[in-house]
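Just add 1033 to the spot in the sequence shown (first one is 1) and you have the numbering used here.
Hints were generated in silico from the structure; no laboratory data involved. Hints are not guaranteed to be accurate.
What the hints assert, rightly or not - In silico DSS-like links for lysine-lysine, alpha-carbon gap of 30 Å or less: (1) K1125 <-> K1153; (2) K1153 <-> K1198; (3) K1287 <-> K1198; (4) K1198 <-> K1125; (5) K1287 <-> K1153; (6) K1125 <-> K1287.
A quick note: this is a predicted structure, and the numbers were derived from the prediction, not measured.
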Amino acid sequence: MRILSTFICVLALGVMGCSETSGTAGNGGVGGDGGTGGTVECEGAGDGTACSNGACLDGVCTVLTTVSGTVTLQESLDMDSPAAGATVSVRKTSLSTTADEFGEFAFDVFPGLWFFESSKEDTWGFIELYAVPAEGRSDLEVVVAADAFVTQLEEALMVDIDDTKGMVTLLFEPAGGMGGETATLSEPYDFSLTFDADGEPVRSENVLPGDEAPILGFAGVDLTEELTLTPVGVDGVNACDLEYRGAVYPVMAKTITVVDAECAPL
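Taking the hints into account, I'd like the entire structure generated from these sequences.
This is the structure:
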């Protein structure tokens, strides 16, 4: 039951251009530059009404850039499909769109560092932090997880996963995942899990050796807007840090927050 190929490819995006009726763009994201500012002040600081070819960000007309990708529905431990009709959005802005019948989407967003959300009815949504360059990007692979997928995790682990709380998934990028990596969270959680060499979910506080895409997950994480994580490498072997150092992350009910860690040999 290898599920890692889609489970770890988690992203999201969302956007709408500025118009006379566009909603409040808000401050968006956590950390980062929050987009590239223009030179024309928006009337009403955030209502977007003064923008002719962009959108209003923090009271400044900001040129948008295009992002595109796909949304995958993880139906079970060994099955996935295009997530037709899924919503992808930029967190804390009015920018959002809907995936087509093939799970594909393309739309305009602010350049900068943003949290992207994916959601669909009867699924667990995902949140992940992404950098959007001025030239845009076309490689976003967003995921939503069906209730049945989480039920199978519960059965495999013999636990209950609280959907009034959130989950956090920490992906150790190469050259990490040698076995023994762990992490600490600033918020309480119910239990942690990882995957063995066969891709099977198991309860563990540490990454196990042998998996090509090492993941450490935390279930039942208390809700917060300011979660901090500290990846910990293997003593004497490697050192790990967040891809976006110093970032804080939101944790939402029935949502999986994805965090990337980078590890390097000592």
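Outcome of the hint check:
1. Pair hint K1125 plus K1153 holds up; C-alpha atoms about 18 Å apart against a cutoff of 30 Å.
2. With a C-alpha separation of about 17 Å, the suggested pairing of K1153 with K1198 holds against the 30 Å cut-off.
3. Restraint check: the Cα-Cα separation between K1287 and K1198 comes to about 6 Å, which is no more than 30 Å; the hinted pair holds.
4. A distance of roughly 20 Å separates the Cα atoms of K1198 and K1125; the hinted pair therefore holds under the 30 Å criterion.
5. Taken as a hint, the K1287 and K1153 pair is honoured in the structure, with Cα atoms around 11 Å apart against an allowance of 30 Å.
6. Proximity of K1125 to K1287 is assessed by CA-CA distance (about 18 Å); at most 30 Å being required, the pair is judged to hold.
Checked against the numbered hints given earlier, the structure satisfies every one of them.
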